[in-house]
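One line per chain: the protein sequences are U and S, in this order. If you count by the working numbering, then the first sequence holds residues 1 to 124, one letter each, in order. If you count by the working numbering, then the second sequence holds residues 1 to 131, one letter each, in order.
Careful, some of the hints might be misleading.
Derived list of chain S stretches under chain U, where covered just means 3 residues or more per stretch with a C-beta under 8 Å from a C-beta of chain U [as the list claims (entries may be wrong)]:
id, stretch
1, 3-14
2, 27-33
3, 56-63
4, 84-93
Below 30 Å or equal to it, Euclidean Cα-Cα: the simulated DSSO-like pairs (lysine-lysine) are [unchecked claim]:
id, chain 1, residue 1, chain 2, residue 2
5, U, 87, S, 108
6, U, 87, S, 99
7, U, 91, S, 108
8, U, 87, S, 38
9, S, 117, U, 113
10, S, 111, U, 91
11, S, 117, U, 87
12, U, 91, S, 31
13, S, 110, U, 95
14, U, 29, S, 31
15, U, 113, S, 99
16, U, 95, S, 111
17, U, 113, U, 42
18, U, 29, S, 19
19, U, 113, S, 111
20, S, 38, U, 113
Hints are computed from structural coordinates only; laboratory data are not their basis. We put the beta carbon where it would ideally sit given N, CA and C, even for glycine.
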Amino acid sequence: MPLVIFVDDSETALASTRMVTNSMPIEVKQYTEAQVALAEIKAGMTPDLIVTDLNMPVMNGFEFLEALRQVPSTQRTPCLMLTTETKAELKQQGKALGLTGWIVKPFNPAQLKQAITRVLRLPA
Amino acid sequence: MVILNSIEQLLTHIQDVQKDVIGLSTDSLLKISTFMEKNELEVDEEVAAALQYQDIISQQLNATIEAIDSIKLNINRFSHLYKSDEDLAVESMNKLHDKLNATLNEAKDKKDRFSGKFADNSEELDEIEFF
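Construct all of the structure, not just a fragment, from the sequences and the given hints.
Here it is in structure tokens:
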């Protein structure tokens, strides 16, 4: 099964995504700190999709994305931003960093499932 | 300066209440989500949105906690300066006024930024944007 990692400093946000994705044919790992997820990736974890929040302490979503692009195994891994931020300039910044898509919270469960299905090319 | 001390204490109390609200609402939501997962309950669109309100509430409160920290810092600087040289008080008061206004504007900007789909332009945010 494809591995999808979710990174969000909010445990409640992670619980929401977990409830939506638990019926999908994917393996899910969740992290409240981007730097911990990054360390595991550097240690050999190879996610097929990364879904991250933007505003997080220590390492924010953009810093995480930049760091991921420095790791050979995740240089081209699709990444979705799941955030409350809606500003166009932030979306442009994400796009320039190679972000695959932008999802605004609160997310619609069906749309989140569709986005994951589409990016991972899972059977609909 | 007594009035500033009182304001600082009031702000600290507001921050404490906000932190308690964040903690309690997090505990509450995690208990609900644990129950739902344990009983394999499906989440529809409305329930999913309701579950995510807590995250937005926490972000909003955290932004105001940060703003209050900034206000307290500026009040403390002003109080210190005032004690050391009363002639500088008027000039310091103007600087304090400017800094408090800047903090307020930043807090208002964060309120809008962290509102997600509850922001004014929410109608444009229904679809996931792919790049």
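Status of each hint after checking the structure:
no., hint, result
1, 3-14, "violated (count 0)"
2, 27-33, "holds (count 3)"
3, 56-63, "holds (count 3)"
4, 84-93, "violated (count 0)"
5, U:87 x S:108, "holds (14 Å)"
6, U:87 x S:99, "holds (25 Å)"
7, U:91 x S:108, "holds (20 Å)"
8, U:87 x S:38, "violated (37 Å)"
9, S:117 x U:113, "holds (18 Å)"
10, S:111 x U:91, "holds (18 Å)"
11, S:117 x U:87, "holds (12 Å)"
12, U:91 x S:31, "violated (34 Å)"
13, S:110 x U:95, "holds (22 Å)"
14, U:29 x S:31, "holds (20 Å)"
15, U:113 x S:99, "violated (45 Å)"
16, U:95 x S:111, "holds (24 Å)"
17, U:113 x U:42, "holds (27 Å)"
18, U:29 x S:19, "holds (28 Å)"
19, U:113 x S:111, "holds (28 Å)"
20, S:38 x U:113, "holds (21 Å)"
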